[in-house]
Amino acid sequence: MNEFLIAALIIGMTILIYRGALFIYRRFRRIYTAPIILSTVMIIVLLLSFHLPYETYMVGGKWIDHLLGPAVVALAFPLHQYREILKKMLLPILTGTLIGAFIGVTSGLLLSKWAGFSELIIHSIVPKSVTTPVAMSIAESSGGVMPLAAVFVMIAGIGGVLIHPVVMRYAGLTHPLGKGVGMGSASHAIGTATSMERDPLEGSVSTIAMVLSAVIVSVMAPGLTLLLM
Amino acid sequence: MSKAVTIILQIIGLYVIYLLGTLIQTTFHLFIPGSVIGLIILFALLSFKLVPDRWLKQEVGFMITHLPFFFIPATVGVMSYAYVFEGKGALLIFIGLFSTALVMGISGFVAQWMTRRREAAHE
Chain A
1 MNEFLIAALI IGMTILIYRG ALFIYRRFRR IYTAPIILST VMIIVLLLSF
51 HLPYETYMVG GKWIDHLLGP AVVALAFPLH QYREILKKML LPILTGTLIG
101 AFIGVTSGLL LSKWAGFSEL IIHSIVPKSV TTPVAMSIAE SSGGVMPLAA
151 VFVMIAGIGG VLIHPVVMRY AGLTHPLGKG VGMGSASHAI GTATSMERDP
201 LEGSVSTIAM VLSAVIVSVM APGLTLLLM
Chain B
1001 MSKAVTIILQ IIGLYVIYLL GTLIQTTFHL FIPGSVIGLI ILFALLSFKL
1051 VPDRWLKQEV GFMITHLPFF FIPATVGVMS YAYVFEGKGA LLIFIGLFST
1101 ALVMGISGFV AQWMTRRREA AHE
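Same order as they appear, the protein sequences are chains A and B.
Number 218 in our numbering belongs to position 218 of the first sequence; there are no gaps in the numbering.
Take any residue in the second sequence, note its place counting from 1, add 1000, and you have its number in our numbering.
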């Protein structure tokens, strides 16, 4: 088989699995049935059972990877959609998100450094509070690895959704604006989905915080990393 | 225009903006990812209404709704790094959770405090 055929086969299989995962998610609506988790697990199981290495999968996977950049650009759409809220509440949202980005980067970096983990791991954990495609490119450009960065993003996303009732109670978050900034800054798209289901204002604020956070962390992370490593 | 054509044109449009962002990044030696520069460019284009509203109404959701699809290949790569979470590596999960709780609690608290103060000032 030539490479083109293998690539087409892999892309087709990934689309099929993703659609299947989407179908299951729409039925059960649980965070651990999120399409990205289900698809990833199904593909890994499939590869392992056929004894195929990751490199073989990437013959097709790299073509999907190419669209990651444009997908990040598309995040401008939701930000523009909620521009009225952004304009009205710019200062509280921006300040909260800035502080959140700073705490996320420094605490992740320092804790993993003090625990004695390797630089590869530290650079991969630093951008965990931002949406996966942005986190991956931040990690990669600083010496981390994309798949590990993606796992930490999942921990921040799924973990954040699981622990948010406790965190919000302790921090006294009752206003939709505070809740939205917290969810979007800490748990990106996965947190935003939870916010959206609860309250439209909280969901919109969370969307804004998620996109702003992606921009802020990508500016802030390289400098802070240099300073603290 | 059919739905499929619109989606393809949009992806091409997004790709062009992404390439422009990457070009700016490499030309000026910026450390911000080209994709994030592209995001800022597109937001500016939308704000100044340089991109037709039509774009917004039709199928714009496509790439956003299916965003997870585009990073499946990268997440599958974790199969090569499973060893990281073995033994002491399990500690990384706690670090991730603790840091996430800090971010959520403090960023939300600050935003809420500022909003309440502003609301009180308006009353």
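Please keep in mind that the hints were generated in silico from the structure rather than gathered at the bench.
Please note that a few of the clues may not be correct.
What the hints assert, rightly or not - Computed footprint of chain B on chain A, listed as stretches where at least three residues anywhere in the stretch have a Cβ under 8 Å from a Cβ of chain B:
hint, stretch
1, 105 to 119
2, 156 to 164
To be verified - Here's a subset of chain B near chain A, in silico, CB distances under 8 Å, partners left out:
hint, residue
3, 1008
4, 1028
5, 1049
6, 1081
Just so it is clear, the structure is predicted and the values come from calculations on it, not from any experiment.
We put the CB at the ideal spot given by N, CA and C, even for glycine.
The hints, checked one at a time:
1. Counting residues of the stretch 105 to 119 of chain A whose CB lies closer than 8 Å to any CB of chain B gives 6, which reaches the minimum of 3, so the coverage claim holds.
2. For the stretch 156 to 164 of chain A, the stated coverage by chain B is satisfied: 5 residues place a CB nearer than 8 Å to a CB of that chain, which reaches the threshold of 3.
3. Because the closest C-beta pair between residue 1008(B) and chain A is about 12 Å apart, greater than 8 Å, the hint is violated.
4. Interface restraint check: residue 1028(B) against chain A, minimum CB-CB distance 14 Å, threshold 8 Å, status violated.
5. Hint status for residue 1049(B) relative to chain A: violated, with the closest Cβ pair at about 10 Å, above 8 Å.
6. Hint status for residue 1081(B): holds, given a least beta-carbon distance of 5 Å to chain A, under 8 Å.
Going through the hint list in order, the structure does not satisfy hints 3, 4 and 5.
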